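Protein chains: 2
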Amino acid sequence: MPEKVLIIGAVALGPKVACRLRRINPEIDITVIDRDSLISYGGCGIPYYVGGDVAEIEGLYSTIAHAKRDVEFFRKVKGFNVLTRVEAIAIRRADKKVVVRRLDDDTEDEISYDKLVLATGATPMRPPFPGADLPQVHVVSNLHHASAVKSAISRGEVENAVVIGAGAIGIEMAEALTDLWGINTTIVEMADQVLPQALSRDMARIVEKKLVDSGVNLLLSERVMAINGDKENGVESVETANTKLPCDMVILAAGVRPNSELALEAGLATGRNRGILVNKRMQTTDPDIYAGGDCAEFTNLVNGQDCVMPLGSLANRQGRIIATNINGGNEQFPGSVGSFCIKVFDMGVAKAGLTVAQAEAAGFDPVCATVAQSDRAHFFPDADFMFMKLIADRKTRKILGVEAAGPQGDAVKSRVDAVAPLLQFGVDVSFICNLEVSYSPPYASAMDVVNNAGNALDNTLDNSLKSADTFDFVEKMKQGIVTVLDVRSSIQAEPFVEKFKDKWINIPQDELRNRYEELNGKISASEPLYIICGTGPRSYESQVFLASKGIKNTLNVSGGYGMVLAIHDALT
Amino acid sequence: MPEKVLIIGAVALGPKVACRLRRINPEIDITVIDRDSLISYGGCGIPYYVGGDVAEIEGLYSTIAHAKRDVEFFRKVKGFNVLTRVEAIAIRRADKKVVVRRLDDDTEDEISYDKLVLATGATPMRPPFPGADLPQVHVVSNLHHASAVKSAISRGEVENAVVIGAGAIGIEMAEALTDLWGINTTIVEMADQVLPQALSRDMARIVEKKLVDSGVNLLLSERVMAINGDKENGVESVETANTKLPCDMVILAAGVRPNSELALEAGLATGRNRGILVNKRMQTTDPDIYAGGDCAEFTNLVNGQDCVMPLGSLANRQGRIIATNINGGNEQFPGSVGSFCIKVFDMGVAKAGLTVAQAEAAGFDPVCATVAQSDRAHFFPDADFMFMKLIADRKTRKILGVEAAGPQGDAVKSRVDAVAPLLQFGVDVSFICNLEVSYSPPYASAMDVVNNAGNALDNTLDNSLKSADTFDFVEKMKQGIVTVLDVRSSIQAEPFVEKFKDKWINIPQDELRNRYEELNGKISASEPLYIICGTGPRSYESQVFLASKGIKNTLNVSGGYGMVLAIHDALT
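So the sequences go chain by chain: A and G.
Heads up: the first sequence begins at 2 in the working numbering, then just goes up one per residue.
Heads up: the second sequence begins at 2 in the working numbering, then just goes up one per residue.
It is possible that some hints are incorrect.
[Unchecked claim] Simulated restraints on C-beta separations:
(1) N331(A) <-> K523(G): 37 to 43 angstroms
(2) T397(A) <-> G183(G): 56 to 62 angstroms
(3) L181(A) <-> Q306(G): 40 to 46 angstroms
(4) K523(G) <-> G329(A): 53 to 59 angstroms
(5) G256(G) <-> E57(A): 23 to 29 angstroms
(6) S222(A) <-> D115(G): 55 to 61 angstroms
(7) N515(G) <-> S155(A): 36 to 42 angstroms
(8) S465(G) <-> S38(A): 29 to 35 angstroms
(9) A363(G) <-> T64(A): 38 to 44 angstroms
(10) R86(A) <-> K523(G): 39 to 45 angstroms
(11) E361(G) <-> P529(A): 56 to 62 angstroms
(12) Q493(A) <-> G183(G): 27 to 33 angstroms
[What the hints assert, rightly or not] With a cut-off of at most 25 angstroms between alpha-carbon atoms, the simulated DMTMM-like pairs for lysine to aspartate or glutamate come out as follows:
(13) K399(G) <-> E332(A)
(14) K5(A) <-> D511(G)
(15) K5(A) <-> D463(G)
(16) K553(A) <-> D470(A)
(17) K69(A) <-> D385(G)
(18) K281(G) <-> D429(A)
(19) K69(G) <-> E111(A)
(20) K77(G) <-> E518(A)
(21) K151(A) <-> D383(G)
(22) K550(G) <-> D470(A)
(23) K550(G) <-> E28(A)
(24) K151(A) <-> D37(A)
(25) K281(G) <-> D463(A)
(26) K77(A) <-> E519(G)
(27) K553(A) <-> E28(G)
(28) K151(G) <-> D383(A)
(29) K77(A) <-> E512(G)
(30) K550(A) <-> E512(G)
(31) K467(G) <-> E332(A)
(32) K5(A) <-> D134(A)
No lab work stands behind these hints: they were computed from the structure.
Being a predicted model, the structure only gives us computed values, none of them experimental.
Here a beta-carbon is modelled for each residue, glycine too, at the ideal position from N, C-alpha and C.
All chains, full assembly: derive it from the sequences and hints.
Below, the structure is given as structure tokens:
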């Protein structure tokens with residue numbers, strides 16, 4: 002049994018390891034060091050502190066019983082020592098010592114260990130364009146940053162802000178700046194969609210529309226060239242390839258990179274994402290050194306590749322495993338399926354597994370279905386639309402990914418979390434068709450949206466459902482190059498028929514069996530007929546019926562007009 | 002390929018089979034018969050119609066696009082025939098015919114089939130006490146019942162109501178009567194808890210307190226002897242073994258039994274619950290006859306026993322499978338893990354798998370942990386407590402069941418649905434410790450309640466956490482036979498110390514390392530010391546610490562004082 006455990010890093014994983022280890026081993030010597038003075042905070046809560054949901058910054062480092070998680074707390078309550086403002090500068094593996102520097106007096110020392118834990122976290126990337134180091138250019142990864150951002154805002158110094166990067170932190174910060182503070186905020190993103198790591202294109206469009214409708218300016222496919230300003234007056238503008246955005250504050254949210262230098266210099270292996278490689282016991286290539294949290298690299302259980310995943314939830318779960326293993330146990334962290342969720346104004350978004358693009362990149366042949374459906378029994382008063390996308394591999398029918406969005410965030414998360422743990426078992430699409438989510442009208446439909454996403458995907462794999470990407474459909478509508486069959490009621494279809502004339506044919510579904518022959522001569526030989534209804538089921542049923550009558554070149558608009566409105570303004 | 006398909010029953014499974022079958026086979030001859038005139042309704046929505054959440058009864062049999070699902074709808078839109086007021090009276094398997102009676106003119110006929118589907122549903126039980134057939138004694142299983150109940154209520158005829166049975170329908174009806182209509186409502190239940198099929202005892206106590214706090218009278222362990230009244234004036238009172246409850250209406254919600262007589266008379270096998278036995282393809286013992294929904298009996302995937310499960314969700318999923326298989330496919334319904342959820346006033350409750358009692362009955366040695374935790378980051382403004390119970394088998398560590406309750410129903414369902422599909426894989430407790438539910442402060446804690454339920458159960462299996470059932474603790478407190486160590490702050494503990502004197506010792510957790518010796522002499526040698534905090538983690542940590550100092554006869558109050566308040570009035 003080890004006698005001395007040293008933990009480098011006291012934010013999420015570090016304290017978790019120490020607390021658990023103390024509980025299961027009252028005798029072991031535990032020391033945690035951190036170069037910062039503020040420790041053990043919920044970094045993912047920073048946007049909510051900036052945006053006002055969390056009133057005091059102490060809220061981010063207090064327990065539910067309102068105790069501040071500081072050095073004193075860990076000593077008295079948890080029974081171990083934390084040394085703050087102490088930076089690890091080298092690991093001497095040969096004699097099991099870590100060289101540290103006390104930042105307050107700049108003196109050096111050595112701390113010996115039997116087992117070492119690297120909980121060094123990650124650092125926000127500062128892209129290499131000029132001006133990234135100007136005053137009022139902020140990253141948001143610790144409480145000092147959080148405090149600086151909120152101070153400047155509450156002093157009324159910020160009228161216009163630019164957020165660089167449309168990942169989770171960028172979006173959360175944009176919401177914080179816009180929603181409470183009314184700051185005119187622009188997100189600039191290099192990729193052609195928001196959340197490129199998390200969402201497939203059509204689902205990302207839903208988030209984009211929500212951002213824009215909530216007052217955020219969004220520039221996609223746009224590269225930042227420079228941040229203009231000077232040391233004295235701070236930032237003046239952000240210059241992109243195509244425009245210049247005047248601003249008083251810039252938030253850099255261009256991703257993070259694992260803090261693996263210390264490990265690398267000590268000869269430990271790092272992976273393709275620069276994270277510290279660990280085995281399932283969370284040991285690095287030196288079995289006496291463990292690593293976890295944002296600095297570690299582990300297996301993505303869906304594509305089998307190494308990944309990094311800077312999430313407080315993973316850090317906490319891994320921390321428990323590391324503590325158990327240091328104490329002689331044998332707990333395993335098999336890897337991650339990439340579960341993720343985010344609140345975007347009044348919408349919840351969640352995903353697990355691979356996006357369509359990630360699935361392609363991993364060598365799968367992804368087939369997907371996107372559905373729109375009520376998140377509870379449609380007759381229940383507070384039912385809302387939920388959009389859900391399910392992705393499988395064509396050949397094996399294995400589920401590769403799931404994405405969802407809708408106004409009731411808990412309900413969205415519910416569907417994705419039910420699928421997520423199954424991804425590692427390689428379940429067939431049929432498993433999702435029959436997924437036994439609990440049912441009661443206030444919380445679900447009898448055939449729930451997650452089951453119907455499975456059904457739609459099953460129908461797609463069977464070739465009975467042929468879908469159009471709704472985003473593509475909208476683009477083609479705008480170009481006037483498609484013909485639409487609208488199977489909704491005449492009252493609903495009328496404004497569309499009026500606007501699009503003979504390009505928008507209305508035959509209500511209950512008349513289609515008698516009137517389908519009217520379509521003869523109206524359908525282009527080269528272009529498919531796009532069939533649309535409110536959310537997708539009636540157009541699918543119509544597609545199947547028309548196919549039985551020989552009209553086979555049709556595409557179902559996924560998620561129907563409900564999906565159109567979620568990604569685009571009204572077509573009328 | 003079959004040419005003629007006959008389906009008996011047009012509520013949930015029947016129409017689902019027919020709709021799907023028509024979509025995948027445009028040619029096949031499909032007939033659905035039902036003895037009722039009102040068909041294809043959401044029976045589980047009836048309490049919400051009675052309670053006013055659903056304004057019009059048509060809401061329960063309309064599509065999301067407001068089309069009424071009647072004979073005309075199925076003919077014109079779905080493309081098959083439904084014959085209503087036609088009752089199946091015999092299956093002549095030898096010549097593949099069903100003898101039917103037209104209820105309107107009392108004539109008989111025969112309908113031939115190549116494949117037959119039994120979707121005959123279930124019938125509410127009418128217990129054998131006198132008076133169960135009096136006017137204003139209602140079951141609630143179809144729209145006629147729903148209408149009769151709501152009419153009587155809205156005419157102002159009901160001041161006092163008795164609901165017999167505290168299962169899902171009984172509770173939902175009690176809420177409907179109390180919440181909108183202000184009817185003085187009493188639930189009488191034979192078992193010593195509500196929802197005996199769904200919840201373990203401590204979780205049921207949470208529901209019981211919610212019912213009582215919401216104005217429902219609750220009589221548990223009480224047997225109904227008779228319903229008094231006469232044919233002319235209707236019911237006057239419900240007589241139980243110990244009391245007499247005056248009332249103007251009685252709701253019989255004592256469970257349902259599968260309608261399997263037709264199948265039984267035709268020589269098909271039925272199971273221990275009187276349901277029609279089906280294989281994984283949903284075929285009865287006659288391969289040309291399928292059955293599903295409330296009348297069918299299939300495997301419970303956790304205990305391996307045959308079960309019935311009257312839920313619209315299962316009926317819909319099974320219906321799709323039957324349609325696929327009739328059309329030559331090979332879809333399988335492996336069975337059910339017993340997922341269930343219910344809204345009880347402003348609280349959501351969900352469960353999957355076995356309760357403690359069911360696990361014992363099935364021969365397992367159940368070990369459980371009950372935790373109380375915030376349902377989102379505790380610093381997030383609208384965070385609420387969630388209570389969660391996780392049950393595993395001691396020897397194999399396999400998860401057997403999960404139960405949860407809390408004010409945010411979608412969040413409750415979310416945690417249970419994430420665990421439910423895993424029950425059939427026989428996952429180890431560790432799997433739940435690491436369950437990769439998605440994380441963001443607005444929707445979850447970094448160490449989410451479901452992970453912590455796993456951790457608590459893991460700690461219990463490791464013998465580091467020794468828990469008291471909170472209900473037992475409260476009972477013993479009332480008898481004054483236990484000593485409590487309260488590790489909350491002095492301010493919180495003060496009223497308890499004042500009331501319980503030397504039976505309630507307060508040492509705040511941050512002082513315990515220095516003051517634990519004060520406990521010497523204060524602890525009973527025979528009775529364990531009960532340790533309590535707000536929700537459980539501090540008392541657990543204190544328990545572990547005291548054990549390291551030799552004080553080992555302690556019990557942690559599961560879920561802390563938060564759980565006490567969820568099942569009982571304040572102790573002070």
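Status of the hints after comparison with the structure:
For the pair N331(A) and K523(G), the supplied restraint of 37 to 43 angstroms holds, since their beta-carbon distance comes to about 39 angstroms. Our hint of 56 to 62 angstroms for T397(A) and G183(G) holds, since their Cβ atoms are close to 57 angstroms apart. For L181(A) paired with Q306(G), a C-beta distance near 55 angstroms fails the hint of 40 to 46 angstroms. Between K523(G) and G329(A), the C-beta spacing of about 35 angstroms breaks the proposed range 53 to 59 angstroms.
Here the CB-CB span from G256(G) to E57(A) is close to 52 angstroms, at odds with the stated 23 to 29 angstroms. Between S222(A) and D115(G) the beta carbon distance is about 58 angstroms. The supplied range of 55 to 61 angstroms therefore holds. The supplied range of 36 to 42 angstroms is met by N515(G) and S155(A), whose beta-carbon atoms lie about 41 angstroms from each other. Separation of S465(G) from S38(A) is about 33 angstroms and conforms to the stated range, judged on CB atoms against 29 to 35 angstroms.
Distance hint check for A363(G) and T64(A): the Cβ-Cβ separation is about 39 angstroms, which falls inside the suggested range of 38 to 44 angstroms. For the pair R86(A) and K523(G), the beta carbons lie near 42 angstroms from each other, so the given range of 39 to 45 angstroms is met. For E361(G) and P529(A), the Cβ-Cβ distance of about 59 angstroms falls inside the hinted range of 56 to 62 angstroms, so the restraint holds. In this structure the hint that Q493(A) and G183(G) lie 27 to 33 angstroms apart at CB is violated, the actual value being about 40 angstroms.
For the hint pairing K399(G) with E332(A), the CA-to-CA distance comes to about 15 angstroms; that is within 25 angstroms, so the pair holds. Using a Cα cut-off of 25 angstroms, the hinted pair K5(A) and D511(G) holds, with the two alpha carbons roughly 24 angstroms apart. Restraint check for K5(A) and D463(G): the C-alpha separation of about 24 angstroms stays at or below 25 angstroms, so the hint holds. For the suggested pair K553(A) and D470(A), the alpha carbons sit about 18 angstroms apart, so the restraint of at most 25 angstroms is met.
As the CA atoms of K69(A) and D385(G) are separated by approximately 21 angstroms, the hinted pair is consistent with the 25 angstroms bound. At roughly 16 angstroms between alpha-carbon atoms, K281(G) and D429(A) fall within 25 angstroms of each other, so this suggested pair holds. At most 25 angstroms may separate the alpha-carbon atoms for a hinted pair to count; K69(G) and E111(A) exceed this at roughly 78 angstroms. Of the supplied pair hints, the one linking K77(G) and E518(A) holds, its CA atoms being roughly 16 angstroms apart against a limit of 25 angstroms.
Taking the CA atoms of K151(A) and D383(G), the gap is near 22 angstroms; set against the 25 angstroms cutoff, the hint holds. Under the criterion of a C-alpha separation no larger than 25 angstroms, the hint pairing K550(G) with D470(A) is inconsistent with the structure, at around 65 angstroms. Taking the CA atoms of K550(G) and E28(A), the gap is near 11 angstroms; set against the 25 angstroms cutoff, the hint holds. Distance hint between K151(A) and D37(A) is fulfilled; the C-alpha atoms sit about 19 angstroms from each other, no more than 25 angstroms.
Taking the CA atoms of K281(G) and D463(A), the gap is near 21 angstroms; set against the 25 angstroms cutoff, the hint holds. The suggested pairing of K77(A) with E519(G) holds, with an alpha-carbon distance near 17 angstroms, which does not exceed 25 angstroms. Restraint check: the Cα-Cα separation between K553(A) and E28(G) comes to about 17 angstroms, which is no more than 25 angstroms; the hinted pair holds. In summary, the hint linking K151(G) to D383(A) is supported, as the alpha carbons are separated by about 22 angstroms, within the 25 angstroms threshold.
Using a Cα cut-off of 25 angstroms, the hinted pair K77(A) and E512(G) holds, with the two alpha carbons roughly 7 angstroms apart. Taking the CA atoms of K550(A) and E512(G), the gap is near 80 angstroms; set against the 25 angstroms cutoff, the hint is violated. A distance of roughly 21 angstroms separates the Cα atoms of K467(G) and E332(A); the hinted pair therefore holds under the 25 angstroms criterion. Annotation: proposed proximity of K5(A) to D134(A) is violated, straight-line Cα distance about 40 angstroms (limit 25 angstroms).
Comparing the model with each numbered hint stated earlier shows that hints 3, 4, 5, 12, 19, 22, 30, 32 do not hold.
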